[in-house]
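As given, the protein sequences belong to chains X, F and L, one line each in that order. In this text, residue positions in the first sequence follow numbering that gives the first Met the number 0: the first is 0, and each later residue adds one. In this text, residue positions in the second sequence follow numbering that gives the first Met the number 0: the first is 0, and each later residue adds one. In this text, residue positions in the third sequence follow numbering that gives the first Met the number 0: the first is 0, and each later residue adds one.
These are computed hints drawn from the structure, not numbers from a lab. One or more hints might be untrue.
As the list claims (entries may be wrong) - Pairwise CB distance ranges, derived in the manner of DEER restraints:
(1) Lys338(L) <-> Met0(X): 23 to 31 angstroms
(2) Thr22(X) <-> Glu188(L): 17 to 25 angstroms
(3) Gly189(F) <-> Pro29(L): 28 to 36 angstroms
(4) Asp94(X) <-> Gly25(L): 28 to 36 angstroms
(5) Glu15(F) <-> Gly101(X): 39 to 47 angstroms
(6) Lys33(L) <-> Gln192(F): 46 to 54 angstroms
(7) Lys263(F) <-> Pro1(X): 48 to 56 angstroms
(8) Gly101(X) <-> Lys326(L): 15 to 23 angstroms
(9) Lys47(X) <-> Glu308(L): 27 to 35 angstroms
As the list claims (entries may be wrong) - Mimicking DSS-like on lysine-lysine, the simulated pairs with C-alpha atoms at most 27 angstroms apart in a straight line are:
(10) Lys328(L) <-> Lys99(X)
(11) Lys110(X) <-> Lys328(L)
(12) Lys154(F) <-> Lys53(X)
(13) Lys249(F) <-> Lys53(X)
(14) Lys22(L) <-> Lys33(L)
(15) Lys33(L) <-> Lys110(X)
(16) Lys23(X) <-> Lys249(F)
(17) Lys99(X) <-> Lys224(F)
(18) Lys58(L) <-> Lys252(L)
(19) Lys249(F) <-> Lys85(X)
Glycine included, each C-beta is placed from N, C-alpha and C at the ideal position.
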Amino acid sequence: MPNPARAWREYPQRYRLEAEKCTKCGTIAFPPRLVCPQCGNRKFAKTKLAETGKLLTFTIIRVPPDPFEDQAPYAVGIAELEDGVKLTAQVVDCDFAALKVGLRVRLEFRKLSEEGEAGVIYYGYKFVPE
Amino acid sequence: MRDVAVIGIGMTKWGELWTKSLRTIFVESALLALDDAGVDKIDSMVVGCMSSGLFVGQEHLTSLLSDYLGKNPVPAARVESACASGGLALRQGFIEVASGMSDVVLVGGVEKMTDVTGCEATFALGTAADQEYEGFHGLTFPGLYAMMAVAHMHKYGTTREQLALVAVKNHDNGSKNPLAQYPFKITVDGVLQSVLVADPLRILDCSPITDGAAAVVLCSADMAKKMKKPVIRITGSGLATDTIALSSRKDMTWIESTHLAGQKALAMAGRKIGDIDLFEVHDCFTIAEIMVTEALGIVEKGRGGRAVEEGLTSLKGKFPVNPSGGLKAKGHPVGATGVAQAVEVVKQLRGEAAERQVKGAKRGLTQNMGGTGGSSVVHVFEAE
Amino acid sequence: MAGIVGYGAYIPRNRIKVEEIAKVWGADAPSYKKGLMLEEKSVPSPDQDTITMSVEASKNALRRAGIDPREIGAIYVGSESHPYAVKPSGTVLAEALNATPEVHTADLEFACKAGTEGMFIALSLVQAAAVKYGLAVGADTSQGAPGDALEYSAAAGAAAFIFGQDKLIAEILHTYSYTTDTPDFWRREYQYYPQHGGRFTGDPAYFTHILGAARGIMAKAGMKPADFQYVIFHQPNGKFPLRAGEILGFSRKQIDPGWLVPKLGNTYSGSSPLGLTATLDIAKAGDMILLVSYGSGAGSDGFIFRVTERIDEVRNLAPRTRDMLDKNKAYLDYGVYAKYRRKIRKAK
Numbered sequence: 000m001p002n003p004a005r006a007w008r009e010y011p012q013r014y015r016l017e018a019e020k021c022t023k024c025g026t027i028a029f030p031p032r033l034v035c036p037q038c039g040n041r042k043f044a045k046t047k048l049a050e051t052g053k054l055l056t057f058t059i060i061r062v063p064p065d066p067f068e069d070q071a072p073y074a075v076g077i078a079e080l081e082d083g084v085k086l087t088a089q090v091v092d093c094d095f096a097a098l099k100v101g102l103r104v105r106l107e108f109r110k111l112s113e114e115g116e117a118g119v120i121y122y123g124y125k126f127v128p129e
Numbered sequence: 000m001r002d003v004a005v006i007g008i009g010m011t012k013w014g015e016l017w018t019k020s021l022r023t024i025f026v027e028s029a030l031l032a033l034d035d036a037g038v039d040k041i042d043s044m045v046v047g048c049m050s051s052g053l054f055v056g057q058e059h060l061t062s063l064l065s066d067y068l069g070k071n072p073v074p075a076a077r078v079e080s081a082c083a084s085g086g087l088a089l090r091q092g093f094i095e096v097a098s099g100m101s102d103v104v105l106v107g108g109v110e111k112m113t114d115v116t117g118c119e120a121t122f123a124l125g126t127a128a129d130q131e132y133e134g135f136h137g138l139t140f141p142g143l144y145a146m147m148a149v150a151h152m153h154k155y156g157t158t159r160e161q162l163a164l165v166a167v168k169n170h171d172n173g174s175k176n177p178l179a180q181y182p183f184k185i186t187v188d189g190v191l192q193s194v195l196v197a198d199p200l201r202i203l204d205c206s207p208i209t210d211g212a213a214a215v216v217l218c219s220a221d222m223a224k225k226m227k228k229p230v231i232r233i234t235g236s237g238l239a240t241d242t243i244a245l246s247s248r249k250d251m252t253w254i255e256s257t258h259l260a261g262q263k264a265l266a267m268a269g270r271k272i273g274d275i276d277l278f279e280v281h282d283c284f285t286i287a288e289i290m291v292t293e294a295l296g297i298v299e300k301g302r303g304g305r306a307v308e309e310g311l312t313s314l315k316g317k318f319p320v321n322p323s324g325g326l327k328a329k330g331h332p333v334g335a336t337g338v339a340q341a342v343e344v345v346k347q348l349r350g351e352a353a354e355r356q357v358k359g360a361k362r363g364l365t366q367n368m369g370g371t372g373g374s375s376v377v378h379v380f381e382a383e
Numbered sequence: 000m001a002g003i004v005g006y007g008a009y010i011p012r013n014r015i016k017v018e019e020i021a022k023v024w025g026a027d028a029p030s031y032k033k034g035l036m037l038e039e040k041s042v043p044s045p046d047q048d049t050i051t052m053s054v055e056a057s058k059n060a061l062r063r064a065g066i067d068p069r070e071i072g073a074i075y076v077g078s079e080s081h082p083y084a085v086k087p088s089g090t091v092l093a094e095a096l097n098a099t100p101e102v103h104t105a106d107l108e109f110a111c112k113a114g115t116e117g118m119f120i121a122l123s124l125v126q127a128a129a130v131k132y133g134l135a136v137g138a139d140t141s142q143g144a145p146g147d148a149l150e151y152s153a154a155a156g157a158a159a160f161i162f163g164q165d166k167l168i169a170e171i172l173h174t175y176s177y178t179t180d181t182p183d184f185w186r187r188e189y190q191y192y193p194q195h196g197g198r199f200t201g202d203p204a205y206f207t208h209i210l211g212a213a214r215g216i217m218a219k220a221g222m223k224p225a226d227f228q229y230v231i232f233h234q235p236n237g238k239f240p241l242r243a244g245e246i247l248g249f250s251r252k253q254i255d256p257g258w259l260v261p262k263l264g265n266t267y268s269g270s271s272p273l274g275l276t277a278t279l280d281i282a283k284a285g286d287m288i289l290l291v292s293y294g295s296g297a298g299s300d301g302f303i304f305r306v307t308e309r310i311d312e313v314r315n316l317a318p319r320t321r322d323m324l325d326k327n328k329a330y331l332d333y334g335v336y337a338k339y340r341r342k343i344r345k346a347k
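One chain only, chain X, in its complex shape:
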């Protein structure tokens, strides 16, 4: 079981969608980075991701990795948020038949996985249809 520190240090992103915006070219980095992937600038200002967007693509995972065995089948998608950031997350509260490119989604706080029955619980964002 990983030390809880590994998940804990990602809380600002996973719990609050905190991101950073390049002070030079305006690119939003999520998760935050030390170097702007667009222009190489190293200065960023804090920002927060938009909480709505639309699906660019999606799939339904039928064969899950170990920690997600109990959740399958589940949908995962990449959505482009209103601020242009592309974000990967599960798509929940959505009938599989209703999944489509362009589906409008918003982010909701959910349980992502847990370290077995006795370990820590991981929380974060998932998409739900808007």
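We have chain X; now place chains F and L onto it with these hints.
The following block gives chains F and L in isolation, referenced to the frame of chain X:
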């Protein structure tokens, strides 16, 4: 830089090798390659392996493998770039010989994948994605490629049947390869009715879980000529990286790292894509082969699906892709795949590919890819 | 004057009907539906728990409050289904809302009244001017033992309230608590399902405390049932709150807007708080609301609210409770319900 030649190839039957351990399958292939080359002394060894740690709980592979090959104290290095580890090993071996650092280098690739459960294997393979921002959300490799497929189908109208045709073609080729894990033919209906793994990809769209190894022996072209061996030169090598997370790509339907690695390798070889007689590419999923044929420039953007349908990439087509059966039929022991691609191309250029021989093949290209294209390695091989 | 600055609700999308549960246990569904006045109940998805629902309900409360979350000085989560036995739910909530680190946080438990306990404490801190704003959440994903009568009602939902002295949408005129030691329902440490005293949960437990608190707070305020536009009692089933209202002299018109239980089930710590959010969704300035919670063990908290004009400004800033209850539902069969609620024994 010196010219580099492949003088020995080795590969054993791939599959679920219940009776064999990682060290055994590696040594078997390495010995075949050394015997094929007719050399016993090597100056260096490079091994590609993605995740022996997660698959068999073994790291420090170079010590283990050189030991069991009986080659201690040979300098040996393991390289890793997920599923492109084998291709990367080939490139490192190529650089060693080309630079003059070593004269004879054994390049191997190995993965022992069946000692863990399916879920554990899925997890291990998933480590090639961004663990914190893709894997953490339950994404798997079939899942990532499925999302690329959905995007490609949405943008270009690529059809579910076209995806299936990639698998059918590669199994046709693989049925002629006795070393393949699944040397049998399948049908479009068979693919379309197989179990869903990550919609729209089904089990027969996916390369299998495989135990296997492959090895090649490299030396300077001058040395190869003196040994009176069929000289197959590596004339181009290209490597490129891209964002690890699929969501960070500008275009999820385009594999930029393969495009760039391909251009670099072809430029080094002084060739154009049309000069190549056969291709061994990374069809870890059916959609991958479609996107790779586009990224390499075999077909235009968005035409990869139709190209399969039209037979362009079949064994007797203008651009035969994956005559070996590809990852789909031959198997995909991840770290070994890039080296096995070289084994196949050398066989073809030597004219030793029997039933699946591409007639008169003089030049071949291998493309090996890590993750969803976070890394790609391309090599060009030419017969004298 | 202190009161409510913002309120928010959260109800999961899944439902299971009484018939579906009755079918599995060979029980007579019509008699359960009639006896308990229950039709269906909400069910959490495997990725929903007291913490996730608390976060979503609190975000809705923040939307209506329109305050900076860093001005929240106290956060209380009342629940009998905190995901951790040791480690607070409230810290996750505080972190997710960006209210850390200058905030007092505690998890509370008092069967179905843990939500109003939090409200009571948060309000008191605001009244004492110890904090500018206080947040209280009642949330539960309660479990009834398979085949037990509670399985028909134990549901999931959350309601959140932000208390303060300014920007009020409802003033709180009076509070009152009525508590005795009455063991009508309990769950021992390490036990998965609760146990209860059957019909003992009625007269000596629910009714004694609900009626005691209702009469006590009305006496304290010098008010009678006719002085209220709305009344909300804890809703363990459909019948109990109606009967309590009848005994006290409240009409169905006063009760019905906050009477969610037939379609929602008993959301335990979220039960009467969700009745309040549904009532606030339709209340007008000047309306008087009486809320009386009940928690087994046993006790009741009473609150008297007077709605202000600001209610009209904030009502539509977050989803309405009835919309969450009535729209976008997904019905589960018992098999999937049992899987979601981890009632199936698996390998490992």
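Right, here's what the structure says about each hint:
One distance hint, 23 to 31 angstroms for the beta-carbon pair Lys338(L) and Met0(X), holds here, with the actual separation near 24 angstroms. In this structure, Thr22(X) and Glu188(L) break the distance hint of 17 to 25 angstroms, their C-beta atoms being roughly 53 angstroms apart. In this structure the hint that Gly189(F) and Pro29(L) lie 28 to 36 angstroms apart at CB is violated, the actual value being about 50 angstroms. Against the hinted window of 28 to 36 angstroms, the Cβ-Cβ separation of Asp94(X) and Gly25(L) comes to about 31 angstroms, which satisfies the hint.
Glu15(F) and Gly101(X) have their C-beta atoms about 42 angstroms apart, which keeps the hinted 39 to 47 angstroms range intact. Restraint check, Lys33(L) to Gln192(F): a C-beta distance of roughly 49 angstroms satisfies the suggested window 46 to 54 angstroms. The hinted window of 48 to 56 angstroms between Lys263(F) and Pro1(X) is violated, with their beta carbons roughly 38 angstroms apart. The beta-carbon spacing between Gly101(X) and Lys326(L), approximately 22 angstroms, falls within the hinted interval of 15 to 23 angstroms.
At about 32 angstroms, the beta-carbon gap between Lys47(X) and Glu308(L) stays in the expected band of 27 to 35 angstroms. Restraint check for Lys328(L) and Lys99(X): satisfied, since their Cα atoms lie roughly 20 angstroms apart, inside the 27 angstroms limit. Only pairs whose Cα atoms come within 27 angstroms are accepted, and Lys110(X) paired with Lys328(L) is accepted, the gap being roughly 20 angstroms. Simply put, Lys154(F) and Lys53(X) have alpha-carbon atoms about 16 angstroms apart, close enough for the 27 angstroms limit, and the pair holds.
For the suggested pair Lys249(F) and Lys53(X), the alpha carbons sit about 16 angstroms apart, so the restraint of at most 27 angstroms is met. This hinted pair checks out: Lys22(L) and Lys33(L) have alpha carbons roughly 16 angstroms apart, not beyond 27 angstroms. Between the alpha carbons of Lys33(L) and Lys110(X) the distance comes to roughly 36 angstroms, so the proposed pair goes past 27 angstroms and is violated. At most 27 angstroms may separate the alpha-carbon atoms for a hinted pair to count; Lys23(X) and Lys249(F) meet this at roughly 20 angstroms.
Using a Cα cut-off of 27 angstroms, the hinted pair Lys99(X) and Lys224(F) is violated, with the two alpha carbons roughly 59 angstroms apart. Taken as a hint, the Lys58(L) and Lys252(L) pair is broken in the structure, with Cα atoms around 30 angstroms apart against an allowance of 27 angstroms. Using a Cα cut-off of 27 angstroms, the hinted pair Lys249(F) and Lys85(X) holds, with the two alpha carbons roughly 10 angstroms apart.
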